[in-house]
Each structure stands twice: as structure tokens, then as C-alpha cells.
Amino acid sequence: MWDLCTNALDTAKLRGATYGDVRGMHIRQRDLTTKNGQVGTLAQTESIGIGIRVLANGAWGFASTDRLTREGVAACAAQAVSIAKASALAKRGEVVMAPEESYIDSWQSPFRKDPFEIPLERQLALLLAADEEMRRVKGITLTETDMQFRKIDSWFASSSGSRIHQRKVISGCGIAATSFQGDEIQKRSYPNSFGGQYALQGYELIESLNLLKNAPIVAEEAAALHSASQCPEKIGTLILGGSQLGLQIHESVGHPIELDRVLGQEANFAGTSFLTLDQLNNLKYGSSIVNVVADARLDHGQGLGTFAYDDEGVPAQCTDIIKDGKFRGYLSNRETAHLIGLKRSSGTMRTESWNRLPIIRMTNVSLLPGTWDYDDLIADTSDGILMETNRSWSIDDRRYQFQFSTEIGWEIRGGKKVRMLKNPSYSGITTEFWNSCDAICKFDHWTLWGTPNCGKGQPMQTMGTGHGASPSRFRNVRIGTAFSNQ
Amino acid sequence: MKFAPKTRKASSKSAAKGAELLEERELRQMIATALHLAKSTGAEETEIHVDEVADTLTRFANNGIHQNVAEHGVTVSIRTVLDGRTARATTNRLDQDSLRAAIEASLSLAHSQPKDPLLLPMPGKQRYRRVNRFIKQTAALTAEDRARAVRRACDLAVKKGQVAAGIFASGQSQSAIGNSRGLFATYRETHAEFSITMQEEPAASWAKANSADVHAFDPQKLAERASEKAHLAVNARELAPGRFTVILEPAAVLDLVGFLFYDFAATALRDKRSCLNDRMGKQLFGNNITITDDAYHPLQQGASFDGEGLPRERVTLVDAGIPKNLVYSRASAKAAGKKPTGHGFALPNEYGEAPMNLVFGGGDSSLERMIASTDRGLLVTRLWYIREVDPYEKVMTGMTRDGLFLVENGRVTGAARNFRFNQSLIEMLKNVELLGPAVRATGEEAFEMVVPAMKVHEFHFSEATKF
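Taken in order, these protein sequences are the chains called A and B.
For what it's worth, my numbering labels the leading residue of the first sequence as 1, then goes sequentially.
For what it's worth, my numbering labels the leading residue of the second sequence as 1, then goes sequentially.
If you are wondering where the hints come from, they were derived from the structure by calculation, not from laboratory data.
Note that beta-carbon positions come from the ideal geometry of N, C-alpha and C, so glycine has one too.
One or more hints might be untrue.
[What the hints assert, rightly or not] A short list of chain B residues far from chain A (calculated; beta carbon distances all over 12 Å):
{"no.": "1", "residue": "E24"}
{"no.": "2", "residue": "D55"}
{"no.": "3", "residue": "R130"}
{"no.": "4", "residue": "D155"}
[What the hints assert, rightly or not] BS3-like mimics (lysine-lysine), calculated; alpha carbons at most 25 Å apart, straight line:
{"no.": "5", "chain 1": "A", "residue 1": "K326", "chain 2": "B", "residue 2": "K466"}
{"no.": "6", "chain 1": "B", "residue 1": "K339", "chain 2": "B", "residue 2": "K125"}
{"no.": "7", "chain 1": "A", "residue 1": "K213", "chain 2": "A", "residue 2": "K138"}
{"no.": "8", "chain 1": "A", "residue 1": "K113", "chain 2": "A", "residue 2": "K213"}
{"no.": "9", "chain 1": "B", "residue 1": "K272", "chain 2": "A", "residue 2": "K422"}
{"no.": "10", "chain 1": "B", "residue 1": "K466", "chain 2": "A", "residue 2": "K284"}
{"no.": "11", "chain 1": "B", "residue 1": "K466", "chain 2": "A", "residue 2": "K234"}
{"no.": "12", "chain 1": "B", "residue 1": "K272", "chain 2": "A", "residue 2": "K138"}
{"no.": "13", "chain 1": "A", "residue 1": "K234", "chain 2": "A", "residue 2": "K213"}
{"no.": "14", "chain 1": "A", "residue 1": "K213", "chain 2": "A", "residue 2": "K417"}
{"no.": "15", "chain 1": "B", "residue 1": "K272", "chain 2": "B", "residue 2": "K282"}
Looking at chain A on its own, in the form it has when it is part of the complex (with noise of 0.2 Å):
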């Protein structure tokens, strides 16, 4: 592969380009779920290929091609400069990168157990074991289960001097209970919602997810979903769950720093940010104990967002967002950071793969633990209600009004857990969200947790982002407003 990429960038500065980089990328994925007792999906791909990246005549281009031969990178390479020299016909100013010394490394995602090696049968047989724990349960209507295991190689090689060799293998894993009565549909899913369980770690990652214990228990409170009482609609106290909790920074803190969509870039379709350039150091943004940073080191933990180099050959960093409540950072890249003064990119350019190019990421977004154990912040709460396990969510496109709602909520009365609330939602302002927020459970209950398929760019990227989060309360949130009907 590294010949091919010295081949694509000799090409590219041939045809006349002033900077180029390449990455090749290999990815291999095998998919399982079950439904109702039986296999579902069951299959295996691999996709392997080269894409590269120029500026010329001041503009970019990018072109990638699954041709892996001398003639063929060759070839892309010279078309991403006939683009790169198009979009010069309409560019409005010359591409300006901030510095970044040149490496040459290879590095290797940590894991015990690679998934890949472990037998099928073996896979299989958990998942239809947990399909049949749910089944169990009277009133379950459908179960689903579902495995995602990727080993992505990749391959940067940059005009500047860098060849690095990253490889990560990523495991995922979930169960879900669905029951439908009467007329209403209730679901639990374990350990998250929409595909369960991701990180960047090898089949020990789903070892530890017990699923065998945990099916029952989803599948029983889904039945009994139906007869708990509906949420109030109401202005009130909320503890929120740390996987709804990691949406919910994902969402109201992920993508507005995202520096693309503050500058402008994303304005036609994943929108643009509240957080204009005047803000940074100046907006509260959070209560004073509310601290967020975007680390992509391996130190923060095995995330989504976890990396040794983003796929613009920046190493990974940690970049305080915000801290003691203040707003401190953005992700950038290095086209953009001298854009907010800072020196170096921030590494946050991540691309889907081979045939995508790299755009600003979220890395791992994660909220820092606080103080409080979970026992003592729920016998601290007089009245409020707890919910768990995200079922929808939506903000608007300058990430501003959000509004989601849970699989499950439960009533909070002196201190205790009394009752189970069904669909219960809550809505809210991002920042006055956050400035409500007046405790934070400590590091025992602090989770990283894997949101597999975030969506941004075009074409679409789908992107793994990490959100460290453990439970939280805020205070005179508003409640119930999706089951509303005034």
C-alpha cells in the first residue's frame, strides 16, 4: 500500500498540485442479528481502496478509486487535480493550513480478544440465547439482537513527509424487547438503543455486557410498559440515564463545535452552530460544574473517538470545550484553526472510509465525572423523574431547541424510585439545559459510550463518536411535551 500511496502523491505533485495526502484503508465487518428465535443478517465485507486528497491552483480536490494498481491510483491522482483546478473556478480565498510536524508510526488499537477469531457458532449461540431469554417474557411481541464487529486498517501518507499505520478493531452489541398491546407499541433494549453497546475493543467488549442477565429484565419492563403510568407534562426536576446522557452531549455539544459547521460549511445540510466565533471564552454554557473536553487519546478510554493520528495526520489531543462551565474549544482541523487563533489543528478530521473524504469530527465528547455516588443523588431528589435508554431525538440546525424522549422514566418522590412512568420526553434551550445542570455522578458511574452512526457531510458519512457520561440531574427542565396534545 505505501507504494501506491508514494505513487498517487508523486502523481499528483506531477500534475501540479502543492500538497497532497492519501489514505488507503482496508475494512472488514461482519454483521449478525437475530429476530424472534432466528438468524437475521449474517454476512461479511470487506472494502478496500485509495483516496486522495490535493490542493492546486489554491483549491482542493479529492478522487478515489478501488483500482489498486499503479495505473489506477495513478490515474485518480491525476483526476483529484483536474478537480482541485475546477473548484479553483469558483473558490473564494487560498487554502491556509496550520503547521503540523510530519510522523512516521504505526499504531494498534488495544484489544484482548479479536473478534474476527472468535468462532460464529460461538457468536450465534449468545445472541440467540438473549432472543430466547426475551421470548420468555409474557407480551413480548418482537426481539431483536444484533453483533457489528470492524477491523479498519489504514494507511496516511501526506506530501509533507508522514506515513502512519493505524489499526482498530471495534466491537458492538444490543439486545431489544418490543411489545405491542392494545394500541401502543413499548420497547426496552439493553444496553443502549439503536444497536447497543460500541467501542473500540475486541470480543471482551461483549463478555462484559452480560447479556444472558440483562435480557429478561428489558423484556419484562417493556411488557410492563403498558400498564405504568404515562409521564406528566410538567416543568421539573430530571436525572438523566449516562447512555441518554451521552446523546445528549453528543447533540447539544458535539456537533455545534464543530468549527465547519460554525464557519459556514455544513450550512446546506447538517446546518450551522449557535456557537459563533464571538462566544468562545465568553458564553456560559454550563453550570460551574459542568466540564466537557474532546480527548481522542487512548488515556481517555477505548471510544469511538479514539485514535493516534485523525486521518489528517494530527496526533490525538485533548481539547477542553468546556470548562468550569465556560466555553473554551472547538474542534478544529488545519485549515481552520488559525481561524480562532490557534497554531496547531485540534485533530479532529476523521473520514468513513477510503472513498470519503475527511471532514471536522466529533472525537470522544465526553462529560468529566463529578462528585456525587447515584444512591445519593437519587435519595437527594424530593421530586423528579429519572429516564433511561434515548427512543427519539431532535434539534434544530442551530442546535439551540432540542427535544428527546426515553424507553423508560421513573417517578422520584423523597428520595426514592416509587413508580414507572411510560413515554416520557423532555425539550429545552441547549445552554439554559446545561446552566440547570447541578449534579454530576462520580467516576464509578461514568461509562464511555459509542454512538456508531452519526451522520455528516456529503455525500453522507457515518461516523463513531464517543461520549463519556455518567448520570445527572438538572433542575426545571420541561417534561412531557411529545405526548402533548394541546
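Starting from the structure of chain A, add chain B where the hints point.
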């Protein structure tokens, strides 16, 4: 053997143009080779899909091009059957060793699972109705062509004191399917798309079109429309949320009703996750609502065969507000004692089938007539971030975006700040007062469909945002 697609030589003048697709004889040869390899490896039955994509996309923002990309790739996907078990392996390595490895991977996956007593033998040869959705002028579009159109749109923005962002994409793709029982089908199409957002602080508006034929729309006219609406959207008023009469432009209709498509899958009903469970044959929507799935409609795109190679049939899903029919794969049809309709996904999968070419019946009310007939209401350009809140009542939430306009006494009197909605689609389709002509609509939440603009009463906006 290496099935290298024909790519242009590295000439700097022509290289900005996309690659040429494989010819049909090359597709046939690839499938024949893979079938031969599978047979020699011990597969009892084999199905081969070949998919090729050659796409380009020019992206602009802040009145200039900032991203400009091209991709070309071919994948071969192999499903084998062995002793009542089936699985799939996919690769984009096209040499014989890699194809053999993919076949062995498919067999290994198949072998790892319990026998499926419901697995059907693969279908044999089929007859297909031809559709022509490959337009040479679209395939011939170059990066320079796109850049010139983008520059004109950006020049307009500069002239109007606005900021333009958007895309101009074009491309070509093809799919072929063949199996060991002699089935063979191919389909190729071109596609072109222009989308533009014009920003005039603090407002923005948007226009978008999509077609097999790049000449079916005029990028500059779309830019002009977005520009005019962005200017109108400045000085938006904050209104109290509540129930409003709304006039939904086709893109807004599409992105809402697009969430209904899987509810018409027979498998979704069998799994009891469709909003049509216990509601088939009943007057669910207004009697002015008729929905068909029609892959042959002149404004539709897509192949005339499904994931197993069965020809797609035209199906009336809703007739005068009554859900009448579902779509079926071969497996779901057998389970229900029905005929398959040619809507199955590639096997193996757990979702079964879905209608992918929805066509809503339209009316003859223009947007102007809808506005003129409205005492007080809101004209909605587009909706955003739509998600399902309640799967059975089909309550959807989302935001208005890029142009929400107040209609008073039969005319547009100004702009309104964006709202969040929480609205049941079932209720909405009971409340449709007027329908426009059905057009090919394109948005961002659902795939393209043929839908009309709609005037709807009692649409539920629950909260406002800050712009």
C-alpha cells in the same frame, strides 16, 4: 482474471470527468465467473450482486467551492446456500482469488448457523419491464460544468448581499444480479442533484432538485428562488406555538410521509411494529389520500427488480384513505399466503421488504391557491431532524427550517421563527384540505418520492426556537 473497470487515462483535461461504467457483457462475465467458482466450491445455490458507482459532488459554502470529490467503485456480493442455510459475503476485490475467498466466507458463515426451514429456493429466470433512466448528458457532466454553475449561483448571492452554500452532484451507477438458477437482471441510471441554501442573516432559505436528467432543473432558478425566500425570511416574528393550518411544500410533505414507508411491509405487520396493525381495510386517512408504490412512474428512479431479482409490481397501498395492500418479499408472501410483489431486500435480512417508489396522488391546487384560501396559517418550506416519537400513532417530531412564513387573509405577510412540531401522521393525513400536483420531491430525511404540496389543518407546533 481481473475485471478492471475502464478508467480514463490520466489526462489532466478530461480527468475531471467521471469513469465509464462496465459494459453489460463484462457484468455477465463477472457473474458467470463467480457462479462457476461457487459451484466448484460446493455451494448448492448462489446469487451474485454486482454494484458499480461513479459519483461526483461539488460542495460550496461562503460563496465558494470548498470540497469537490469523485468516487468510483465496484462491489461483488455473494450469497450462497448450503444445506438449508444461507449467508452473504461482499468484497470489492475482483480477482479470482478474492472472489473465491468471498465465496468461502459466505459458505463458512452459512455453515455456522442452524438450518432455516423457511428458506426458499432461489427464483429462476424472470421477465422485466424496461425503464430508461440513464441520460448521457448527465453522465457527461464535468467538474468544470459544475463549478461554472456554482460560480453563477455564488455570484447571485454576492450581488444580493447573501451567502450561498450547497452541492451540485452528478453520477452514474448500475446493479446486476444473477443466480445459479439462471436469473439475470441489470439496471443503470444517472443522477443529478442541486441543492442551495441562501443565507441573509439572521435568515436562510433553501431549494433543491434531483433527477436522472441534469437538464430537468435549472440550478440558477433554484438559486434565485432560495435567494428571494431568504430575503423574505428576514425579520421573522415570534409566534406562540399551537395548532395551525399549514401549507407544506412538497419537500416538507416528503420528509414527513417518508417515515410511513416501512409500515407497508408485510414483515413489519407480522412483527407487530407497523402503525397499520389492526388498521388494514379501515378508513385511516382522509378519502383524498391515495398512495401507490410504482417503480415505473416517470418521475421515479431505481431498478425494476428487487433484492432477489423479482420484478417490482405496482401496488396500491392506500385507496381513498383506506390501507388496502402491503408489499411482500418471497418469504413474507409465502408466510401470508400471498404473491410476492417484488419489494424484497437482498437476503439474508430481518426486515423483509419495503415500498421504495412511493407515489402520492395529487390534486390541482397550486401553492398560490392554497395561500389565497387561508385566513391564518403557516407556509412551510422544509422540515428538519424528524424522528419518530410514537410508532403506533405515528407521532413525529422535528423542526421547521429555512423559511417559515405567516399567511394572513390569503397572502404571505411575513416570516415566523422556527417551530418544533409533534404531529401524528395519521391525524395529519385525515386533515388534508387541498392537494397540489404530485411532483418528484427531494429533501434530507427521506428518499425521493412523488408527492404533492398539502394544505393541512390543526398541525401541532409545540415549541419555538430562538431564530
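A quick look at each hint next to the structure:
1. E24: holds (20 Å)
2. D55: violated (7 Å)
3. R130: Given that every Cβ of chain A is farther than 12 Å from that of B:R130, nearest at about 29 Å, it holds.
4. D155: At about 9 Å from chain A, B:D155 fails to clear the 12 Å cut-off, so the statement is violated.
5. A:K326 <-> B:K466: holds (21 Å)
6. B:K339 <-> B:K125: Since the Cα atoms of B:K339 and B:K125 sit roughly 17 Å apart, the hinted pair holds (cutoff 25 Å).
7. A:K213 <-> A:K138: Within the cut-off at roughly 17 Å; holds.
8. A:K113 <-> A:K213: Given that 25 Å is the threshold and the Cα spacing comes to 22 Å, the pair holds.
9. B:K272 <-> A:K422: Answer holds: B:K272 to A:K422 is near 19 Å, not above 25 Å.
10. B:K466 <-> A:K284: holds (17 Å)
11. B:K466 <-> A:K234: holds (21 Å)
12. B:K272 <-> A:K138: Holds, because 15 Å separates the two Cα atoms, which is no more than 25 Å.
13. A:K234 <-> A:K213: violated (35 Å)
14. A:K213 <-> A:K417: Holds, because 22 Å separates the two Cα atoms, which is no more than 25 Å.
15. B:K272 <-> B:K282: Holds, because 17 Å separates the two Cα atoms, which is no more than 25 Å.
Of the numbered hints listed earlier, those contradicted by the structure are 2, 4 and 13.
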